[in-house]
Amino acid sequence: MTEASWSTLEGRHCLRVHGAGGGAHLAVWPASALASGTAPPPAAGEVVADGADLCFVPRFEFVEGTVYAVVVDDAPVAELVRHRAPRRATTEVLGIDPAVDQVPRNLLRLYVRFSARMSEGQSSSHLRLVDDAGQTLPYALLVVDDELWDGDRRRLTVLLDPARIKRGLVAHDTLGYPLEVGAAFRVVVDGAFLDATGTPLRGGASRRFEVGPDERRRVDPLAWSLTVPVAGSDQALRVVFDRPLDVALVARCLTVATVATGGHRVEGTGAVAPDGGSWSFVPHRPWGHEVQAIVVDEILEDLAGNSVRRVFDHDLDAGPPSGPSQGGHAVVRFVPAPP
Amino acid sequence: MDDGLQVGTVELGTAGPLALGPGAVVFTADNLAAKVIALAVDAPDRGPAGDGPVDVADLDVRIGALLGCDADDVVIRDLLVQRGSGDVLLSVQRGRGDTGTAVLLRLRRDDASIEEVPLVDVPTASWSLTDAPAIDDERVDARVGLPDEGEEFTYGELTFRLVKEPVRTSTVTDMAYVDGELLVAGLSNEEFASKLRRIAFPFVGAGQDSNLEIFHVSHGKWETAAPIRTFVPYADGASVLAAYTCTPVVHFPMADLGAGSKAVGRTVAELGAVNTPLDMATYRDADGEHLLVANTTHGLLKISCADIDAQTPLTEPREPVGVPREASDLEGIVRLANLDDRHVLVLQRADGHHHLRTVKTESL
Numbered sequence: 001m002t003e004a005s006w007s008t009l010e011g012r013h014c015l016r017v018h019g020a021g022g023g024a025h026l027a028v029w030p031a032s033a034l035a036s037g038t039a040p041p042p043a044a045g046e047v048v049a050d051g052a053d054l055c056f057v058p059r060f061e062f063v064e065g066t067v068y069a070v071v072v073d074d075a076p077v078a079e080l081v082r083h084r085a086p087r088r089a090t091t092e093v094l095g096i097d098p099a100v101d102q103v104p105r106n107l108l109r110l111y112v113r114f115s116a117r118m119s120e121g122q123s124s125s126h127l128r129l130v131d132d133a134g135q136t137l138p139y140a141l142l143v144v145d146d147e148l149w150d151g152d153r154r155r156l157t158v159l160l161d162p163a164r165i166k167r168g169l170v171a172h173d174t175l176g177y178p179l180e181v182g183a184a185f186r187v188v189v190d191g192a193f194l195d196a197t198g199t200p201l202r203g204g205a206s207r208r209f210e211v212g213p214d215e216r217r218r219v220d221p222l223a224w225s226l227t228v229p230v231a232g233s234d235q236a237l238r239v240v241f242d243r244p245l246d247v248a249l250v251a252r253c254l255t256v257a258t259v260a261t262g263g264h265r266v267e268g269t270g271a272v273a274p275d276g277g278s279w280s281f282v283p284h285r286p287w288g289h290e291v292q293a294i295v296v297d298e299i300l301e302d303l304a305g306n307s308v309r310r311v312f313d314h315d316l317d318a319g320p321p322s323g324p325s326q327g328g329h330a331v332v333r334f335v336p337a338p339p
Numbered sequence: 001m002d003d004g005l006q007v008g009t010v011e012l013g014t015a016g017p018l019a020l021g022p023g024a025v026v027f028t029a030d031n032l033a034a035k036v037i038a039l040a041v042d043a044p045d046r047g048p049a050g051d052g053p054v055d056v057a058d059l060d061v062r063i064g065a066l067l068g069c070d071a072d073d074v075v076i077r078d079l080l081v082q083r084g085s086g087d088v089l090l091s092v093q094r095g096r097g098d099t100g101t102a103v104l105l106r107l108r109r110d111d112a113s114i115e116e117v118p119l120v121d122v123p124t125a126s127w128s129l130t131d132a133p134a135i136d137d138e139r140v141d142a143r144v145g146l147p148d149e150g151e152e153f154t155y156g157e158l159t160f161r162l163v164k165e166p167v168r169t170s171t172v173t174d175m176a177y178v179d180g181e182l183l184v185a186g187l188s189n190e191e192f193a194s195k196l197r198r199i200a201f202p203f204v205g206a207g208q209d210s211n212l213e214i215f216h217v218s219h220g221k222w223e224t225a226a227p228i229r230t231f232v233p234y235a236d237g238a239s240v241l242a243a244y245t246c247t248p249v250v251h252f253p254m255a256d257l258g259a260g261s262k263a264v265g266r267t268v269a270e271l272g273a274v275n276t277p278l279d280m281a282t283y284r285d286a287d288g289e290h291l292l293v294a295n296t297t298h299g300l301l302k303i304s305c306a307d308i309d310a311q312t313p314l315t316e317p318r319e320p321v322g323v324p325r326e327a328s329d330l331e332g333i334v335r336l337a338n339l340d341d342r343h344v345l346v347l348q349r350a351d352g353h354h355h356l357r358t359v360k361t362e363s364l
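Going down the list, the sequences are from chains A and B. Going by our numbering, the letters in the first sequence line up with residues 1 to 339, in that order. Going by our numbering, the letters in the second sequence line up with residues 1 to 364, in that order.
It is possible that part of the hints are untrue.
[To be verified] Okay, the calculated bits of chain B under chain A, using three or more residues with CB under 8 Å as the criterion: (1) 53–66; (2) 73–85; (3) 106–120; (4) 242–256.
To be clear, the hints were calculated from the coordinates, so they are not data collected in a lab. Ideal placement from N, C-alpha and C gives every residue a C-beta, glycine not left out.
My request is simple: use the sequences and hints to build the entire structure.
The following block contains the structure:
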């Protein structure tokens with residue numbers, strides 16, 4: 001009698017067939033493909049004789065939870081489910097950014113931070129915006145084939161549909177903004193979002209936001225308030241922004257340089273507040289007395305996608321579209337306070 | 001030609017878009033590693049490819065069967081038709097998460113069988129898409145010319161030297177090769193930028209990668225930047241038509257896309273609300289050149305290039321907007337490729353599966 005079972009061969013996973021005879025022809029399909037009636041090709045792999053057994057070693061690792069059909073000499077022998085290893089749900093949502101209570105109506109971007117690597121292709125099913133009655137806000141989010149993950153696949157970038165935010169576009173004119181001033185909403189990540197091991201989250205997560213007026217001003221570093229450190233100290237330079245900025249961009253768009261030494265970077269550690277409202281910078285060596293500068297990459301954006309260089313959608317009747325930045329940067333000068 | 005490729009292993013972390021390069025060169029992008037990859041894919045010499053249609057129902061099921069997974073675990077990211085063989089190359093993601101694998105597949109024109117394209121010991125080269133050159137990148141020396149870090153820029157009377165931090169992840173949404181350059185459109189996971197990169201091929205050193213921001217104007221009033229979702233060169237590479245994530249279809253003369261400049265395109269059409277552009281292709285017939293736009297809401301859209309050239313920038317925020325276009329009854333088209341002079345290959349989603357179909361251009 002011919003029998004099939006999960007096994008290993010020289011350390012590799014395989015499907016082992018016993019009792020088929022030496023010259024038998026062994027092939028394996030995902031059962032769903034075989035049942036489709038489309039005469040699909042068999043799974044790629046090699047068939048190796050191991051004593052009296054035949055072993056199918058797949059080119060690509062068996063997929064957990066998938067049913068495989070084992071066929072010997074064109075006759076079905078068995079259908080076997082690839083075992084799904086039980087895993088405890090340990091992954092969770094660490095946070096939903098921006099960490100603010102109120103966002104502008106023309107909010108462009110959200111981030112969801114997870115505690116572990118995640119599986120892609122999940123966000124359209126397991127992430128949504130809902131109103132206080134629990135109703136999903138329809139067509140609020142931009143649908144993209146390729147989800148926007150960071151390199152670790154722990155942070156997901158979620159864009160609200162820019163076509164509904166940009167003035168003058170058909171989507172904006174017909175559907176209006178995804179959000180409504182005064183109508184709070186929640187970002188909901190449900191617990192079925194799978195991590196990179198295919199395991200659901202420990203639980204769902206959500207964050208509630210109030211919706212305020214539009215923000216349509218360029219990010220202007222000269223509008224920030226600075227608390228300058230004392231020369232000779234290693235006190236933090238503190239910068240309070242005039243509005244919450246994109247946390248991820250603040251982290252890589254702000255640098256401190258010493259003007260007098262030809263604009264070399266001051267070594268130190270920057271930290272952005274979770275709400276994107278402020279930034280502090282502690283130098284590795286005490287501040288000198290000379291003029292320092294915060295150098296701001298002009299790509300720095302606020303929550304509505306307005307950058308140092310431009311507003312998100314610029315009204316051409318209101319003057320030139322781009323900001324006065326030079327060399328791709330804006331500069332805010334300061335002098336450490338005398339001791 | 002010397003295409004600058006060296007024999008090596010192509011590491012694909014994720015399946016990305018495909019573009020035909022010169023000769024046997026095929027470009028793809030690994031969005032996880034933020035790089036574009038060139039590799040030579042030999043066209044098997046099997047004699048004439050034939051000119052029959054390529055129609056494969058349930059392509060995702062067949063690919064899944066070969067890869068040993070259910071169709072639900074197959075994402076067909078892009079396709080193209082190889083010169084000479086007429087074979088269809090497919091960029092495919094198998095599975096998700098830590099066990100996900102990217103593969104390049106060949107669907108033979110003659111018998112529709114599917115096989116893996118080898119990625120080991122093949123001529124290949126890659127180009128990093130992060131803004132900051134790697135430490136060992138020759139561009140560092142070429143650009144700065146000093147054993148010092150970063151780049152110099154001036155602000156008023158001040159001079160600064162700074163290292164630009166790399167873009168965290170730049171997802172390549174579409175690519176095309178035109179006359180010695182690879183054009184790359186992408187979507188950043190942080191800034192909302194509209195960047196079209198022009199990367200000289202063969203991939204070489206300094207100054208061969210320009211990165212310009214492209215604006216478009218809505219209704220003559222609002223100037224705005226947005227990521228390009230898909231684009232296609234036409235008029236022998238003299239023009240580019242790009243569709244934005246926010247749905248305007250915008251025309252640029254290639255000559256405007258110079259290094260370091262800001263380009264403002266001419267909006268010639270809008271795809272409308274709750275619609276997303278997915279792919280574009282061009283073809284020629286007796287009436288001239290035409291563009292096809294696959295999108296999520298309407299049937300495959302056909303636009304005459306002559307109408308695009310004649311279209312004045314959109315000023316009226318009302319339907320119908322822009323150039324005349326015909327929506328075919330071909331619904332669910334997600335990807336396009338030119339099969340030959342008279343046929344377009346489409347990847348169509350219907351009944352929960354993806355099917356490959358050949359469409360006669362005369363029927364469009």
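Going through the hints against the structure:
no., hint, verdict
1, 53–66, "holds (count 7)"
2, 73–85, "holds (count 3)"
3, 106–120, "holds (count 3)"
4, 242–256, "holds (count 4)"
This entry satisfies every hint, going by the numbered hints stated previously.
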